[in-house]
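From first to last, the protein sequence lines stand for chains A and B. Numbers 1 to 362, taken from my numbering, label the letters of the first sequence in order. Numbers 1 to 341, taken from my numbering, label the letters of the second sequence in order.
Since the hints were derived computationally from the structure, they do not count as laboratory data. Values in this document were obtained by computation on a predicted structure and should not be read as measured data. No residue lacks a Cβ here, since even glycine has one placed at the ideal position from N, Cα and C. One thing to keep in mind: the hints can contain errors.
Between beta-carbon pairs, the in silico distance windows are [what the hints assert, rightly or not]:
| id | chain 1 | residue 1 | chain 2 | residue 2 | range |
| --- | --- | --- | --- | --- | --- |
| 1 | A | 133 | B | 282 | 34 to 40 Å |
| 2 | A | 122 | B | 61 | 33 to 39 Å |
| 3 | A | 94 | B | 270 | 20 to 26 Å |
Under the rule of at most 27 Å between Cα atoms (straight-line distance), these lysine-lysine pairs were calculated in the DSS-like manner [stated by the list, open to error]:
| id | chain 1 | residue 1 | chain 2 | residue 2 |
| --- | --- | --- | --- | --- |
| 4 | B | 99 | B | 239 |
| 5 | B | 152 | A | 286 |
| 6 | B | 205 | A | 286 |
| 7 | A | 99 | B | 274 |
| 8 | A | 134 | B | 65 |
| 9 | B | 297 | B | 165 |
| 10 | A | 134 | B | 69 |
| 11 | A | 271 | A | 286 |
From the derived model, a few chain A residues whose C-beta atoms are all more than 12 Å from chain B [unchecked claim]:
| id | residue |
| --- | --- |
| 12 | 94 |
| 13 | 169 |
| 14 | 285 |
| 15 | 292 |
| 16 | 342 |
| 17 | 349 |
| 18 | 352 |
| 19 | 356 |
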Amino acid sequence: METWQGWRFATAGGDPVFHDSGAACQWHHVGTPPPWSHSRLWPCCPGHSDLALLGCNNNSDSEAPGHSSDCSEDPTLSRLWNKETFDYLLGQLHSPAAKEMGLFLISGYNLFTEPVPDPSWKNIVLGFRNLTPKELELFPGYSYGWFNTALMLEGRSYLPWLTNRLTERGVKFFHKKVESFQELFAQGVDVVLNCSGIRAGHLQPDPELQPGRGQIIKVLAPWVKHFIITHNLKSGIYNSPYIIPGSEFTVLGGVYQHGNWSEENSAKDHKSIWDSCCQLLPPLQKAKIVGEWSGLRPARPSVRLERERIGLGNLQGEVIHNYGHGGFGITIHWGCAMAAARLLGSILQEKKQLATPPGPRL
Amino acid sequence: MAPPKVAVVGAGVIGLSTALCITETCPSCSVTVLSDQFSPNTTSDVAAGMLIPHTYPDTPTHRQKQWFKETFTYLFAISNSAEASEAGIHLVSGWQVFKSPPKEELPFWSDIVLGFRPMSEAELQKFPQHRFGQAFTTLKCDCPPYLLWLEKRLEATGTQMYTRKVADLWELHGEYDIVVNCAGMGAQQLVGDKQLIPVRGQVLKVHAPWVKLFIRDGDGLTYIYPGVHRVTLGGTREKGSWSLSPDTGTTRDIFDRCCSLEPSLQGAQDIEVKVGLRPSRQCVRVQREVLSQGGVKLPVVHNYGHGAGGFSVHWGTAKEAAHLVGECISALQGSSLRAKL
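Looking at chain B on its own, in the form it has when it is part of the complex:
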């Protein structure tokens, strides 16, 4: 059988990392990335890229923990290497603060991030409206740098990348042997997944280089995440909203909420407003499927629905998806052998 031709649909953090994992697990494969958007115009580019997991209600905790651990370990190594600045990966310390007692005293990821501990009384004095808090050190993936770095690594493996809107996975049949669906929010239309809903997030990206620590309200709505050049201020979680236009009232509200956590942000400059639609699902869909139409089969691997937690688990799900691609290849090789008998 000729080297399998794999098409990865989607060029956000999930598409690019999955493509990269496939080139590593299957060096003989020919991998092509197809997407209607590339960085800086993907949903991933809007995200802050903080490694603080989102909890998926229907994915078993041990699986989420495994994905997070693999992602953290992988990025931790890059953050301490000469590639860190190009990849946009860096450590950042800070606080998660709560007005009322958190549901879990010890989230499942507390032993994976660094130095996790309750905040001291003295630290909590900085947040008069909050009564509990957690301090820890985690990683941040700045976009566009991280996506551009993934693209560069893909190019080095000979992976081709094309701007192309795929309206139907079947269009790829014949050209490609296996299709990997990393279309994020696009999967709703592409595969008709009604469980996938957009959760609109508006953020501000500002110039405030004196902000070195992250602050996150445990309700997940207000956060301050310092990146390499800009600080991401957030945010909103609007279920079911498809609007990509910034809302001025929301901008004011986000800014006010963040300033109440960090007053020095009043001096922030160059405020940019961005909107992204989190591709949200009760569980991340990392799954093999064989589509069938008129006696013709098309092996598909799905890897979408990461919602608010894409960056936190991307490498873990990419590896799992690559493994599933490996299974597809074995199945194809098996049936190709049988066909010869």
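Just chain A, same shape as in the assembly:
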């Protein structure tokens, strides 16, 4: 726990840094928006904690099945966080740190079976345009699509890089399971940043937080230089294939199972992903499979980013929640982090004001 002016902060959650398989498969659920809200259709931007494709947004107001369509978060917040994250990383692209961060530019395709309105993020990414008829010939079964250049941020490089930056600043890391906020308050922690992702329910029950189970196949296909993301608007759930090339491996995916807590690989899902991706990109038939992985996206109708005062008497403190990013965590992470930091700033400001000695009595 870092100390700052006598204050102790703890961040609960955040995957153990050298966790090989990374966090839950990240992408987000488009859902089937009711017709009146089709303007809020945000294309899914699948990724995996190993690699996450930035720029194309997230569905902050996802209408996941079983949930009300009541959006508890202003979609403009998500858009803002997306833009802040993309712009920040774009600024890092030419820095010497870029390679170590796992950051690079990549172009690719978003495919649809029918025309759709342009996404709100079209001006956040680079070079956004519609696909030409000749390009669509590459993708039989898809009649409409977008091309753009986005950013890739590979988790397996980014997390160690972040860890190094934090370590340089004196932040300490403890690999242990936190059972409650009170446990931390009892140790003298004043503020907890709750970034516990899919396990946030252990610290405080949250029925809105549900797993969005994903499965991916990792292959060697170094000739693939573009991401290809398909969208299936009709099915309502985007079990729709995607192909995302990283710096070493290419990730094949396209599974979203709401409410499924299983982290075991499913043979049925494997077949579905493999068959659909090979159909999408026939050269993949010759790709070598080097891994398979399942994860739980921490899905929520909206990201929980807010303060909360928890506990009583000696065992109380401030908690800043920052979880529920579904399949688009990396896409908006920096914007969220800054928002959380601002909340921390307000807490400190309030405490400072309270601690200021009263003026002289006249």
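Assemble chain B onto chain A, guided by the hints.
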């Protein structure tokens, strides 16, 4: 007349693709490839294999466009098939950037590549020294894979391939009925073509797998072309230089120029330096000729002088050369009939 025996001299991209086209247009022909070098030691192996045409001053534009279109169409189909990885053919997107306004706003090939459009302001911000740019998606043929794949397809047709230095086309008379000259730079000596000059190119092939987009300076001198396993960094255009030895100063210069376009290349590993001599000519020579010596005739089809644009037009010129071989065969059959009368 017995099945015509065709000798193709040269086993670079031009020789192999021409041989393959001949087996397709003339299945009854017996085709043999003769070359002093095969992959990975041909000029083609040094090239990045990007499909971005070079403009030949003396070849009519419509002809260059036709060759490029045929090549692009042919490779496009392979790139989206199960053979793509073996053939080393893949799509790649990127940018061509200019410091001063390009001569042509719309090059003749802009409607053949995919998604050609001017770069946006936001994209240009990545290149502070450049003020204009074009974005598009094109194809890349990685060598050696592409040449090895062509060789494999040739073998499947029964084509024989031999390492042999041909010093004079007449050596082949008697053994072969028709000779196809795809000797590239070798044609200078082989047929005494003084219009053919080497344009030396030095490149670096590096390991930088995070580079997914190509970047090319419109001056043609600096380029970054990501291939299947390696990224080709270039380059130079040294007219009249025959030197095949890498130059260390040039290596440093190429690396610096490429890093200024793409700073992350500072982290590139495993730098290999290669040199190739582009067989350059004002126009590509795709032409029939009948050599004559002491009353004896030798039909020859030339297909050389592709300079910096070999990959971009190879299939188109191969088809044209194969067609000319067909004409040679008809002529031979005609004269053989006449001889019987």
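- Where does the structure disagree with the numbered hints, that is, which hint numbers, in rising order? Violated hints (numbers, rising): 12, 14; every other hint is consistent with the structure.
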